[in-house]
Structure formats: C-alpha cells, structure tokens
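Trainee: Each chain, letter by letter, is given below.
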Amino acid sequence: MSELWAIIEQPLHYPFMLRGLLASVMVGTLCAVVGSFVVLRGMAFFGDALAHAILPGVAVAYLLGANLFWGALAMALLTAVGIGYLSRRGQVKEDTAIGVIFAACFALGVALLSTVRSYTVDLTHILFGNVLGVSGQDVWLTAALGGIILVAVVLLYKELLVISFDTVLAATLHLPLVLLNYLLLILIALTVVVSLQTVGVALMVAMLVTPAATAYLLTRRLWQMMIVGAAVGAASSVIGLYLSFYVNIASGAAVVLVCTGFFILAFLFSPSRGVLASRMRRRGRS
Amino acid sequence: MTAPGDGVTHPQPGLVLAVRELTVGYNGAHALEGVTLDVYEGERVAVVGPNGAGKSTLLKALVGMLRPQAGTIHRAKSAEIGFVAQRASVDWSFPVTVYDAVLMGRIGKMGWLRWQRPRDREIARRSLAEVGMLDLADTQIGELSGGQQQRVFVARALAQEANVLLMDEPFAGVDAPSQEAILAILDDLRRRRVTVLLSTHDLNLAVDRFDRLALLNRRLIGYGPPRQLINPEILAEAYGGKALWRGDDYAMVMGDIGCCDAEGHVHE
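Respectively, the protein sequence lines represent chains A and B.
All residue numbers for the first sequence refer to the working numbering, where the first residue is 1 and numbers rise by one.
All residue numbers for the second sequence refer to the working numbering, where the first residue is 1 and numbers rise by one.
Mixed in with the good hints there might be a few duds.
To be verified - Here are a few chain B residues that face chain A, going by a calculated C-beta distance under 10 Å: (1) 60; (2) 65; (3) 89; (4) 93; (5) 94; (6) 95; (7) 100; (8) 105; (9) 138; (10) 153; (11) 162.
It should be emphasised that the hints constitute simulated quantities derived from the structure, not laboratory data.
Where a beta carbon is used, it is the ideal one built from N, C-alpha and C, also for glycine.
Throw the hints in and build the complete structure from the sequences for me.
Mentor: Okay, structure coming up:
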C-alpha cells in the first residue's frame, strides 16, 4: 500500500508536475463539457481546424515576445467567426470553407515560425503541447477563462441544448439561432485557446472529442454526458501525466492514449450503446 | 412574425390564422403561390396534396420559419403556435430523455438565463400524461416507436401551452394503433379548443376525420369542408390523373410519385 502511495506522491514533489496536473485536469474537464456539443453536432473537423488555425496568432505573439495566449485568442476568435460567416453564406460547403481557411492559416503560421532559428523546438511545443512547462500564471489564466466558459455553458444550457437537438423548435420559440450558433463557436474557440499549452495544436481535437464521445456511449442525457465526459477527461489527464512521468513519454500523447483506452472500453462494453450489448440483444431476439 | 400588417386587428371572433395571397419559396423559386385561407379556433384542418405540393412549406411559413416572399400571415394575438416537424428532422440518437424533450417546450416560458421551476416540471409531466407517455418519461427518445415519438412531440407542444398545433406528416411511417392514438389525442385537443393543422398523404383519413381540407398543388386548389369540397374535377386538378374517383368513394393512385405512407392506401 505504501509503495502505491509513494508512486502517487513522488511526482507531486516537483512544482512543475503539480502545475501540469492542475492545468491538465482543468483542461480535461473543460474540453469534455464543450466537446459534448462538438460531438453531438458533428463539429470534430471544425474543432481540429480551429486548433490548427490559431498557429499564426501564436507565431506573431512569439515573434513579438508577447504572451502566446493573447495571439492564440485573437486568431481563434477571428477564425471561428470567419468560418461561421463563410459557411452561412453558402457559396461553398461548410467543410470546404473550413478546409481552405485552416490549411491557409496553418501554413502562414509555419511560414512565420520558420523565420526563427529555434524553429523545430518551438513548433514541437506548439504542436504537441508542453504541459510540464506551464507557469503559475498560466494555471490562473486557465482557471479564470475555464470558469467563464463553464458558467456560460451552465447559464445557456437549455438554449444550447435546443439549438443542438432541434433547430425547428428553436425557430418556433424564436430563439436567436444565428447568435447562439456564433456563441457556441466562440466558446469552442476559447476552449481551444485555454487548452493549447497542455495538449497542443495537433492533439487538441482528441481532447474535444474523445472524452465526450466516451460519455456519449454511457449516458442518455446531455448533462450526464458532460459530467461523465469531464470525469473521463480529468482521469485521463492524471493517468496520462503519471505515465509520462514514469515511462518517460510525451505528456500530451500519453493523455490522449489513455483517453482513447477509455473510449475503446466504452465502445465495447457500454450497457446501452456498446458493441457487446447490441450483439447480445440481437442474439436474445432471434 | 414577418407579416407587414401584424398590427391590424381582426374583426372576426375566433379567427386564429388569416393567410392572404401568400407566396413562399426557397432560393427564389416559388414552392407555394397566392394562398388565401382562414383558420378558426378549434378547427381541425388537413393539408393534403401530392408530393412537392408545398404542404410542409405552408406549415413552415405559418409557424414563422419561412418568410413570405409576398402576401401576409396574420396570427391572432392569443395564438401560441406549436410545431411538430417530420420525424426525420430530429437526431433520435441525441442524449435526451422523453421528459427532457418535453421540458424543452417550456423554454419560451422560462426566459433567458433561467432554470426550470417546479411549475415547468409539473406542466411537462402533465403534458406527458395527456398523451399517455408518462411511463416512458425516462426513456431515451431513440428507443421509442415512431408513433410514440410523435406523441412526445405533441406533448412538447402542449407543454409550450400551444393553442394552435401544426403537424407535418404525423402519420408517416406510423402503425395503425399509433395513428388511432394520435387521432384520439386530437379529439381531446378539440374539446380544449386547440386548433390543429396537419399535413398528410392520406386523403381518406383527411376526409373522414377533419373539419376542413386544404387541397394544395403549388397553389390552393380548394379549401372547405371535405364532403363539399371533394369531387372528381377538383381531385384531378390537384393530383393530375393520379387520384381515382369511384362513385361515393375515392382512392389514391400515386403512380410514379410514390408515397411515404406505410399503410399505403394505394389501390390498383
């Protein structure tokens, strides 16, 4: 027993590990709550694109020596609204609009970063995150912004539920559909920015989608999906960081792999939507 | 919502919806042209016509989802409109229980940034009881049959305290007992002076069980009590050669247009 405790306790002696754990638990929770909408509305590609599209903002902030966070924030909001606008215009299909914008932004970001000599190291950190490099200030910023996002989701829960589930009802009730859709895009954008340092650009979509998808397989109400997803996201973050500490693998990748493990378990064994359960039901019927 | 003359008062008592020269369409093309009709409180109106006649378009315009390109829709100030859309318009695998779906009808009454109050929960449960679905309140909506799904959405409109209920093809893909259950609910609503407008492919049903027919084919071919309205000429006008008149009765021959009605009601 004491050995197990030693395993758990030892990494906590390092302040960087403690900050990393705090930040990644918050990010895991937040991503699952906002990611529930991403999963239910089929916006995984949008989430992935948004994460990549903030690269030029990060690059400019980096070149100017400013906090990367603000560069990412400006770019994320710009992209979210830009994609929302282009897809509403309807001249090209939504996924085409997203594809064009995201690849262009990402290329611009890579071009900007490639002017710096330490290019590969910096790019790696931005692409895959650097959770163990999280500063105390970053933890506070994550907590503050994450708190704002969660409060917004709670306050607008019923409206966001209706626009995601049944746009016809939303129109019947005269809800401001366009405004609420933009608001949701902005909430996703903020979540991506908050999570940038922990998981990085390339693996962001996994944090948005995988815990929420795991929870989707296990629950049948949206708020339950959010809570279970948050638990899966937070647990994956903790287990992933310990794995990364002891096995010495990249932290972001470890978190995502643990998440995926949870998803596979739910996919196979969920009592309501799992593969085995539906097999058994089919056999029971015949 | 969009009618220019919304401020105009309607002198006739009991007039719920007054449609004048309504033209609606998508992307410039007209789906429906020059429709004029009045609907009175407590009436049960069936909107019938071949596929692509503009039945859904009319309902969506009435509820305010589509803007009129020309003409006006006057809604009585007291009219609270509930809409039961075609079942295909909803993702049934969504993590929402029957109770959650009905509670959504209360959102307009709850107001922004507010959570449900005991009264909202009570109305949601009562509405479910009225359509006989209270037992299934905790079921995920995807686990219901087609008829049960329709009843849940009727309950949602009741929770919305709708007194005008618009239903788009509620009998499509629904088995006979469920159809009767929905019709029984409509009888119940009639006693409470709820006005019902629904679109259907089933002309026989529309004639037997409704106060008025609105016969559509891109325009309003006829509007009135079924027995007065239906004759071989007007059916031919609405359906082309595809409706068959047989003395006292009639049968629909859909031919190449096909029909989504599970029962068929297709003869020959």
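Trainee: Hints first: check each against the structure and report whether it holds.
Mentor: How the hints compare with the structure:
Nearest Cβ of chain A to the Cβ of residue 60 (chain B): about 9 Å, under the 10 Å cut. The hint holds. Hint status for residue 65 (chain B) relative to chain A: holds, with the closest Cβ pair at about 5 Å, below 10 Å. Look at residue 89 (chain B): its Cβ gets to within about 5 Å of chain A, closer than 10 Å, so that hint holds up. With its C-beta approaching chain A no nearer than about 8 Å, residue 93 (chain B) sits inside the 10 Å limit, and its interface hint holds.
Taken as an interface hint, residue 94 (chain B) checks out: its beta carbon lies about 5 Å from the nearest beta carbon of chain A, inside 10 Å. The criterion of a C-beta within 10 Å of any C-beta in chain A is met by residue 95 (chain B), whose closest approach is roughly 5 Å, and the hint holds. Because the closest C-beta pair between residue 100 (chain B) and chain A is about 6 Å apart, less than 10 Å, the hint holds. With its C-beta approaching chain A no nearer than about 8 Å, residue 105 (chain B) sits inside the 10 Å limit, and its interface hint holds.
Annotation: residue 138 (chain B) was flagged as interfacial toward chain A, and the flag holds, the nearest CB pair being 9 Å apart, inside 10 Å. The beta carbon of residue 153 (chain B) comes within 9 Å of a beta carbon in chain A, closer than 10 Å, and the hint placing it at the interface holds. With 10 Å as the threshold, the beta carbon of residue 162 (chain B) comes within range of chain A, its nearest partner Cβ sitting at about 9 Å, so the hint holds.
Of the numbered hints listed earlier, not one is contradicted by the structure.
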